[in-house]
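Colleague: Construct all of the structure, not just a fragment, from the sequences and the given hints.
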Amino acid sequence: MKRLSRILLLVFLLGAFCPSVFAAEAIKVGVILPLTGKQAKFGEIEKQSFEMAAEEINAKGGVNGKKVELLIEDTQGKPDVARSAVEKLISQDKVVIIGGGYTSSETYAAAGVALNKGFPFLVNTGSADNITEPSAFTPSGQRAEAMRKKLDGEKDPAKKAEIEKEIAKIEQAADMEVKALIDRFAIFRLNPPVSEYAGSLESFLAEVVKPKTVAILHENSLFGTSGAREFEESCKKLGIKILMRESYDAGAVDFKPLLAKVKQADPDLVYMISYLLDASLLMRHSMELKMNPKLFAGAAAGFTLPEFPQNAGKASEKIISADLWHQSLPFPGAQEYYDKFRKKYNKDTEYHGAEAYAAMYVIADVLKRAKSMSPKDIKDALSKTDMMTVFGPVKFISYDKKVNQNKLDTYVVQWINGKLEIVWPKKSAKAKYIYPVDWIKERQ
Amino acid sequence: MVKKAVPFIALAALLVFPLVVKSDYYQHLMILVLMWVVIGSAWNLIAGYTGQVSFGDAAFFGTGAYTAGLLVTKLGWSAWWGLFFGGITAVLIAMPFGWICFRLRGAYFALATLALNEIMRHIATIWEKLTYGMLGILIVQTFASKLPYYYISLALAVISLITVRLVMRSKYGYYFLSIREDQDAAESMGINTHHYKMISLVIAAALTGVAGALYMNYMGFIDPHVVFSLHDISIMAILVGIVGGVGTQYGPAVGAFIMVAVQELFRTGGYGLISKLAKASGSETIISLSEFITKAHVMGFGILVVVAILFLPNGVVGDWNKITRLVLQKKIKGG
Numbered sequence: 000m001k002r003l004s005r006i007l008l009l010v011f012l013l014g015a016f017c018p019s020v021f022a023a024e025a026i027k028v029g030v031i032l033p034l035t036g037k038q039a040k041f042g043e044i045e046k047q048s049f050e051m052a053a054e055e056i057n058a059k060g061g062v063n064g065k066k067v068e069l070l071i072e073d074t075q076g077k078p079d080v081a082r083s084a085v086e087k088l089i090s091q092d093k094v095v096i097i098g099g100g101y102t103s104s105e106t107y108a109a110a111g112v113a114l115n116k117g118f119p120f121l122v123n124t125g126s127a128d129n130i131t132e133p134s135a136f137t138p139s140g141q142r143a144e145a146m147r148k149k150l151d152g153e154k155d156p157a158k159k160a161e162i163e164k165e166i167a168k169i170e171q172a173a174d175m176e177v178k179a180l181i182d183r184f185a186i187f188r189l190n191p192p193v194s195e196y197a198g199s200l201e202s203f204l205a206e207v208v209k210p211k212t213v214a215i216l217h218e219n220s221l222f223g224t225s226g227a228r229e230f231e232e233s234c235k236k237l238g239i240k241i242l243m244r245e246s247y248d249a250g251a252v253d254f255k256p257l258l259a260k261v262k263q264a265d266p267d268l269v270y271m272i273s274y275l276l277d278a279s280l281l282m283r284h285s286m287e288l289k290m291n292p293k294l295f296a297g298a299a300a301g302f303t304l305p306e307f308p309q310n311a312g313k314a315s316e317k318i319i320s321a322d323l324w325h326q327s328l329p330f331p332g333a334q335e336y337y338d339k340f341r342k343k344y345n346k347d348t349e350y351h352g353a354e355a356y357a358a359m360y361v362i363a364d365v366l367k368r369a370k371s372m373s374p375k376d377i378k379d380a381l382s383k384t385d386m387m388t389v390f391g392p393v394k395f396i397s398y399d400k401k402v403n404q405n406k407l408d409t410y411v412v413q414w415i416n417g418k419l420e421i422v423w424p425k426k427s428a429k430a431k432y433i434y435p436v437d438w439i440k441e442r443q
Numbered sequence: 000m001v002k003k004a005v006p007f008i009a010l011a012a013l014l015v016f017p018l019v020v021k022s023d024y025y026q027h028l029m030i031l032v033l034m035w036v037v038i039g040s041a042w043n044l045i046a047g048y049t050g051q052v053s054f055g056d057a058a059f060f061g062t063g064a065y066t067a068g069l070l071v072t073k074l075g076w077s078a079w080w081g082l083f084f085g086g087i088t089a090v091l092i093a094m095p096f097g098w099i100c101f102r103l104r105g106a107y108f109a110l111a112t113l114a115l116n117e118i119m120r121h122i123a124t125i126w127e128k129l130t131y132g133m134l135g136i137l138i139v140q141t142f143a144s145k146l147p148y149y150y151i152s153l154a155l156a157v158i159s160l161i162t163v164r165l166v167m168r169s170k171y172g173y174y175f176l177s178i179r180e181d182q183d184a185a186e187s188m189g190i191n192t193h194h195y196k197m198i199s200l201v202i203a204a205a206l207t208g209v210a211g212a213l214y215m216n217y218m219g220f221i222d223p224h225v226v227f228s229l230h231d232i233s234i235m236a237i238l239v240g241i242v243g244g245v246g247t248q249y250g251p252a253v254g255a256f257i258m259v260a261v262q263e264l265f266r267t268g269g270y271g272l273i274s275k276l277a278k279a280s281g282s283e284t285i286i287s288l289s290e291f292i293t294k295a296h297v298m299g300f301g302i303l304v305v306v307a308i309l310f311l312p313n314g315v316v317g318d319w320n321k322i323t324r325l326v327l328q329k330k331i332k333g334g
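These protein sequence lines are chains A and B, in that order.
If you read the first sequence in numbering that gives the first Met the number 0, its first letter stands for residue 0, the second for the next number, and so on.
If you read the second sequence in numbering that gives the first Met the number 0, its first letter stands for residue 0, the second for the next number, and so on.
Calculated from the structure, these hints are not laboratory results.
Here the structure is a predicted model, which means the values were calculated and not measured.
For each residue, glycine too, the CB sits at the ideal point set by N, CA and C.
Treat the hints loosely; a few may be bogus.
[Stated by the list, open to error] Chain B residues, not near chain A, derived (Cβ > 10 Å throughout):
1. I8
2. F83
3. L91
4. L103
5. Y107
6. L134
7. L165
8. D181
9. H194
10. Y214
11. E283
12. I302
13. L325
[Said to hold, decoys possible] No farther apart than 20 Å at their CA atoms in a straight line, the calculated lysine to aspartate or glutamate pairs in the EDC-like style are these:
14. B/K294 <-> A/E50
15. A/K40 <-> B/E290
16. B/K128 <-> A/E195
17. A/K37 <-> B/E263
18. A/K93 <-> B/E263
19. A/K236 <-> A/E54
20. A/K343 <-> A/D399
21. B/K21 <-> A/E50
22. B/K275 <-> A/E24
23. B/K278 <-> A/D92
24. B/K128 <-> A/E229
25. A/K148 <-> B/E127
26. B/K278 <-> A/E54
27. B/K278 <-> A/E24
28. B/K73 <-> A/D151
29. B/K278 <-> A/E68
30. B/K128 <-> A/D151
31. B/K73 <-> A/E153
32. A/K236 <-> A/E201
33. B/K294 <-> A/E201
34. B/K73 <-> A/E170
35. B/K128 <-> A/D399
Modeller: Structure follows, in structure tokens:
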């Protein structure tokens, strides 16, 4: 009996390793996503979208006759685990390109490895601005950045000029360092950086709402903090007075003290950068406090998720948010992707999913065009990308300090009768925005 | 005789390891292991030997990491200076904390360390002028190769093990043990328990701070939630200590290895073996079951830790005889 079971085990093991021999023909693509932990919800949507796209690509014959094999590794949203995952994908699994990257901290960790090896990495969600800025990865570039922060606090003009001179000098050195590094810089990004998320919301505010004062509430995370800072800058440009900027720990249970403070300050606009649960609670509590500013606006993330109206109930109605994508946009396949996802996984998808789905198609396209599977050739192919995806046109360009960055339009959406509709910019709008809103009446 | 040789054999093996195993992936995992050896043995000194259980190692770890990072961004120094200054700043945090909180005993002290952890995380988050808040600090890694990081980590791990060994062999060691066993008795013997608890904490904090600086150098990116994390750093430090063996010389070293290896084993689903086996079996149920297992890796890891604590209360090193007995018995039965 014992011997038999041993033989069985042996056969089993052999069987396990044999398919891997036959599957050697496949092109391996590594993806890192947070599948457990706080961010798992988004990681899951992205994982399913990646898988769905890969299945479709393989069903249509794969890439140049070869199948694409997806290796999706869990990062738990932590940088050290992300690094383990990337090192494993590159040196053990021998993938030819890395995709994914959800939280900014895991994307930084993966970017460090990719940069060391000159390995191609297509980021699809990690949104910290400097991920596609090579100067951020050089010592002088970082020093210049730190000096610049010092400049903000300096009032004496003579000293200011002196610091500026020094910055210019350091930046020259940084340029040299960037030149030495740029050949290895194979980090590309599909989604816009966080500073551009609110692009069309700004024009909406400037042209329609024209608020005089604003209160900014944001979660304590890289996404929240940098988004809030960028929005502060935009407010300064638009001449909106910032009454307060308050942060909270994601997952707070009671927003009433914070909102009571906001109510007292009485701003025209309440701008919030929050994920799902916080977004829903913020809206519900604002309803209970009978707040009535001119506008509640969210910065994508939690405010555009399908679960938002379910959790916030009627407090979600007429809320406006910045958004990166919507299935009704006139991109080929956008609506189909949305419907297919619903059918397959029996739940809604949103912009993160579309990013992942588009990223898989970009990767397939790149692998098709690459001369060989060497990192250098794949990098070249990536930089020549020019294609249409469900997420919009993808083309990697350089501007300001950024390189390999895809430039995308952003949108303003509004929850109208429980449905998320694009209301701005006018050329993409599918519904007329509803403004002004009497929130107290609306929410009775 | 054999037992005495084990650490030297292990050290020799570790010295040649990166020359034999060229894979970046395994070298990376070993660097993490060696970093946890430093943190684990520091925790072991204060909690295992001195009996002052700390739930807040991340406070010192994060302080060290931030010191290294800020030296780069604020002063333009090399982050490697952090290995020296990180330890010092961690001590500067530890001293006032210990001076105040060592009046507390047992669970109350543990809670105070927990609070310290959270306080430090909030300071790092809110004080944006100094720490850049949640934007974190990104620095450039000095070396593209893993070898320098590996040997520096190895050196630090050896230094921390030797430090703990030397301290425990000196008269301080006996004082620490007497405080752990019975603080009142120690006091009545004329030992200034407050003073010696402080010494133990300061050594532990310094080592943990150095480990934090190493993390900054190696990973290149930190933010408050990463390095002041309660569950990823503080609790992990405790688990390394407990699984390896509380109050044993080499327990934390073994614990670090087990924790990193097992965590990675669970995360990757037995390095992809589970899913391969499932696919080979061809059965739908087994495939979905294997998918479930790989997805529930965090839970599996947790269960394993619970089992280890239940059945090996003294850790792998502390209960080594128990383990060998169990295995031997099995062999006798099986044979």
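Colleague: Evaluate each hint against the coordinates.
Modeller: Quick rundown of the hints versus the structure:
| no. | hint | result |
| --- | --- | --- |
| 1 | I8 | holds (27 Å) |
| 2 | F83 | holds (19 Å) |
| 3 | L91 | holds (23 Å) |
| 4 | L103 | holds (26 Å) |
| 5 | Y107 | holds (25 Å) |
| 6 | L134 | violated (6 Å) |
| 7 | L165 | holds (30 Å) |
| 8 | D181 | holds (39 Å) |
| 9 | H194 | holds (36 Å) |
| 10 | Y214 | violated (8 Å) |
| 11 | E283 | holds (16 Å) |
| 12 | I302 | holds (15 Å) |
| 13 | L325 | holds (20 Å) |
| 14 | B/K294 <-> A/E50 | holds (16 Å) |
| 15 | A/K40 <-> B/E290 | holds (17 Å) |
| 16 | B/K128 <-> A/E195 | violated (24 Å) |
| 17 | A/K37 <-> B/E263 | holds (19 Å) |
| 18 | A/K93 <-> B/E263 | holds (18 Å) |
| 19 | A/K236 <-> A/E54 | violated (46 Å) |
| 20 | A/K343 <-> A/D399 | violated (41 Å) |
| 21 | B/K21 <-> A/E50 | violated (32 Å) |
| 22 | B/K275 <-> A/E24 | holds (17 Å) |
| 23 | B/K278 <-> A/D92 | holds (18 Å) |
| 24 | B/K128 <-> A/E229 | holds (16 Å) |
| 25 | A/K148 <-> B/E127 | holds (11 Å) |
| 26 | B/K278 <-> A/E54 | holds (17 Å) |
| 27 | B/K278 <-> A/E24 | holds (18 Å) |
| 28 | B/K73 <-> A/D151 | holds (15 Å) |
| 29 | B/K278 <-> A/E68 | holds (14 Å) |
| 30 | B/K128 <-> A/D151 | holds (11 Å) |
| 31 | B/K73 <-> A/E153 | holds (15 Å) |
| 32 | A/K236 <-> A/E201 | holds (10 Å) |
| 33 | B/K294 <-> A/E201 | violated (41 Å) |
| 34 | B/K73 <-> A/E170 | holds (16 Å) |
| 35 | B/K128 <-> A/D399 | violated (25 Å) |
Violation of the numbered hints given earlier is confined to hints 6, 10, 16, 19, 20, 21, 33 and 35; the remaining hints are satisfied by the structure.
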